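S.K.: Can you build the whole structure from these sequences, using the hints too?
Position one of the sequence shown corresponds to residue 137 (the working numbering), numbered consecutively onward.
Quick caveat, the hints were computed from the structure, so don't treat them as lab data.
It should be emphasised that the depicted structure is a prediction, and the values quoted were computed from it without experimental measurement.
Treat the hints with caution; some may be incorrect.
[As the list claims (entries may be wrong)] DSSO-like mimics (lysine-lysine), calculated; alpha carbons at most 27 Å apart, straight line:
1. 255 - 292
2. 292 - 187
3. 292 - 166
4. 166 - 187
[Claimed, not checked] Derived DEER-like restraints, expressed as beta-carbon distance ranges:
5. 281 - 158: 18 to 28 Å
6. 252 - 158: 18 to 28 Å
7. 156 - 191: 17 to 27 Å
8. 214 - 272: 31 to 41 Å
9. 272 - 199: 21 to 31 Å
10. 163 - 236: 32 to 42 Å
11. 235 - 162: 31 to 41 Å
12. 253 - 191: 18 to 28 Å
13. 163 - 252: 38 to 48 Å
14. 284 - 155: 37 to 47 Å
15. 199 - 230: 16 to 26 Å
16. 187 - 288: 20 to 30 Å
17. 288 - 203: 35 to 45 Å
18. 290 - 206: 28 to 38 Å
Built from N, CA and C at the ideal position, the CB exists for glycine as well.
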Amino acid sequence: MNSEVFAPNRIAVVSDTHGHLNPALLEDLKNADLIIHAGDLDGPEVLNTLKILAPVLAVRGNMDRGGWAEDIPVMEVTPINGMLFYMIHDLARMDLEPESMGIRFVISGHTHRPLVEEKGNVIYLNPGSASLPRGGFPPTYALIHIRENRLNVEIKDI
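M.R.: Structure below.
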């Protein structure tokens, strides 16, 4: 995806849908310019449905197995709006130093718990689980708003 041509202002980040897309989530995602899925789709139907709503970047989670998942990368580094985004399902498997590589966002899933944390110049984002939350959290996803070089990251309840 060429960041010079494609510059989304509203990026929705979902993870750990495990084969289920809540209708309320789908309604919210209609306004996204880009959808990032941080893994554990649990089947091609989730990916196909999301692609109807907006362009999708996805990484494979530990539950994404079989022929349908072979083309989904385990990790992805991609420029979006002039910033580097690193996506991986399980943050514990990250094998690079994001700040030294100029990465602005590290997006992960796996824990089913939402988190937004800034370390140095890197924002770590886990949107939580859109369908199977843990730790007393409701189902969640994240929104990244990018306007005139200003960022706003928020966790949204479904």
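S.K.: Hint by hint, note whether the structure agrees.
M.R.: These are the hints, each one checked on the structure:
1. 255 - 292: 22 Å, holds
2. 292 - 187: Distance of about 21 Å is within 27 Å: holds.
3. 292 - 166: 15 Å, holds
4. 166 - 187: 11 Å, holds
5. 281 - 158: 18 to 28 Å: Check passed, 22 Å falls within 18 to 28 Å.
6. 252 - 158: 18 to 28 Å: 21 Å, holds
7. 156 - 191: 17 to 27 Å: 22 Å, holds
8. 214 - 272: 31 to 41 Å: 33 Å, holds
9. 272 - 199: 21 to 31 Å: This hint holds: roughly 22 Å between Cβ atoms.
10. 163 - 236: 32 to 42 Å: 40 Å, holds
11. 235 - 162: 31 to 41 Å: 35 Å, holds
12. 253 - 191: 18 to 28 Å: Hint holds: Cβ distance 26 Å, inside 18 to 28 Å.
13. 163 - 252: 38 to 48 Å: 23 Å, violated
14. 284 - 155: 37 to 47 Å: 38 Å Cβ-Cβ, so the 37 to 47 Å window holds.
15. 199 - 230: 16 to 26 Å: 19 Å, holds
16. 187 - 288: 20 to 30 Å: At 25 Å between Cβs, range holds.
17. 288 - 203: 35 to 45 Å: Since residue 288 and residue 203 have Cβ atoms about 39 Å apart, the given range 35 to 45 Å holds.
18. 290 - 206: 28 to 38 Å: Because 34 Å falls inside the window, the suggested range holds.
The structure fails to meet hint 13 from the earlier list, while all remaining hints are met.
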